[in-house]
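Peer 1: Work out the full structure, taking the sequences as your base and the hints as a guide.
Here the sequence shown is numbered in full-length UniProt numbering, starting from 1 and rising by one per residue.
Possibly wrong hints are sitting among the right ones.
Below, computed lysine-lysine pairings styled on DSS-like, alpha-carbon distance capped at 30 Å [what the hints assert, rightly or not]:
#1 42 / 116
#2 55 / 121
#3 42 / 55
#4 55 / 116
#5 39 / 55
Ranges of calculated distance between the beta carbons of each label pair, as one might list FRET restraints [what the hints assert, rightly or not]:
#6 130 / 56: 25 to 35 Å
#7 52 / 119: 34 to 44 Å
#8 96 / 74: 25 to 35 Å
#9 114 / 63: 28 to 38 Å
#10 83 / 132: 31 to 41 Å
#11 120 / 52: 13 to 23 Å
#12 130 / 82: 12 to 22 Å
#13 35 / 121: 17 to 27 Å
#14 96 / 130: 17 to 27 Å
#15 116 / 94: 28 to 38 Å
#16 124 / 95: 14 to 24 Å
#17 122 / 35: 15 to 25 Å
Keep in mind the hints are simulated off the structure, nothing from the lab. Note that this is a predicted model, so its numbers are computed, not measured. All C-beta atoms, glycine included, are put in the ideal place defined by N, C-alpha and C.
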Amino acid sequence: MAEEDSVPIHRDFSASTGVETSNPHVGMSQDECVDRIRKSLKHPTVRFLREHMEKAGCPVWPRLLTAANCADQGSAGGYASRQGVTICCNHMTIQDEINQVVIHELIHAYDDCRAKNLDWKNCAHHACSEIRANHLSGDCHYKRELLRGFMKIRGHEQ
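Peer 2: Listed below in structure tokens is the structure:
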């Protein structure tokens with residue numbers, strides 16, 4: 001059995017978090033979502049983040065990841081300090097979406113662990129972590145922008 005297969009993924013049927021999704025009306029079952037979250041744990045970037053979080057002494061497992069049906073229609077997932085990462089299964093449709101959300105939220109978890117003075121209520125701190133997560137997760141990749149309907153070359157971060 002691979003290490004990723006033994007990672008417990010918590011299920012929550014009532015979570016509401018705050019990362020934007022491009023497809024809020026169609027989703028997958030929690031069983032399928034949990035399987036795909038496990039598959040995302042094998043993604044090279046996710047493995048890299050997990051390894052570096054563990055090396056830095058960050059609490060990574062056992063209940064860092066939660067598969068949830070989210071009430072917020074625009075949420076793909078979110079991170080909450082000392083609570084972990086939530087993936088909104090009812091807003092996920094493909095593996096690539098889950099991979100991107102897991103990577104994005106693990107970057108927040110890493111920031112939360114490493115920056116001892118990080119205050120999520122401080123807009124500058126929160127914005128800095130969002131910018132890092134958006135850039136490092138590939139969320140700002142040109143392909144993703146095109147899929148969202150953003151065709152301009154400039155002015156996306158204003």
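Peer 1: All hints, please: hold or fail.
Peer 2: Against the structure, the hints:
Straight-line distance between C-alpha atoms of residue 42 and residue 116 comes to about 28 Å, which keeps the hinted pair within the 30 Å bound. The suggested pairing of residue 55 with residue 121 holds, with an alpha-carbon distance near 27 Å, which does not exceed 30 Å. Of the pairs offered as hints, the one joining residue 42 and residue 55 holds, with about 18 Å between alpha carbons and a cut-off of 30 Å not exceeded. Of the pairs offered as hints, the one joining residue 55 and residue 116 holds, with about 16 Å between alpha carbons and a cut-off of 30 Å not exceeded.
With a C-alpha separation of about 22 Å, the suggested pairing of residue 39 with residue 55 holds against the 30 Å cut-off. In this structure the supplied range 25 to 35 Å is violated for residue 130 paired with residue 56, their Cβ-Cβ distance being about 20 Å. Taking the beta carbon of each, residue 52 and residue 119 are about 23 Å apart, not inside 34 to 44 Å as hinted. Taken as a hint, the range 25 to 35 Å is violated for the pair residue 96 and residue 74, whose Cβ atoms sit roughly 18 Å apart.
A beta carbon spacing of about 20 Å between residue 114 and residue 63 contradicts the range 28 to 38 Å that was offered as a hint. Between residue 83 and residue 132 the beta carbon distance is about 20 Å. The supplied range of 31 to 41 Å is therefore violated. A hinted range of 13 to 23 Å holds for the C-beta pair residue 120 and residue 52, which are about 21 Å apart. A hinted range of 12 to 22 Å for the beta carbons of residue 130 and residue 82 is consistent with their spacing of about 19 Å.
Between residue 35 and residue 121 the CB atoms are about 35 Å apart, so this pair departs from the stated range of 17 to 27 Å. For residue 96 and residue 130, the Cβ-Cβ distance of about 20 Å falls inside the hinted range of 17 to 27 Å, so the restraint holds. At roughly 37 Å, the beta-carbon separation of residue 116 and residue 94 lies within the given 28 to 38 Å, and the hint holds. Evaluation of the 14 to 24 Å hint for residue 124 and residue 95 yields a failure: the beta carbon distance comes to about 34 Å.
In this structure, residue 122 and residue 35 break the distance hint of 15 to 25 Å, their C-beta atoms being roughly 37 Å apart.
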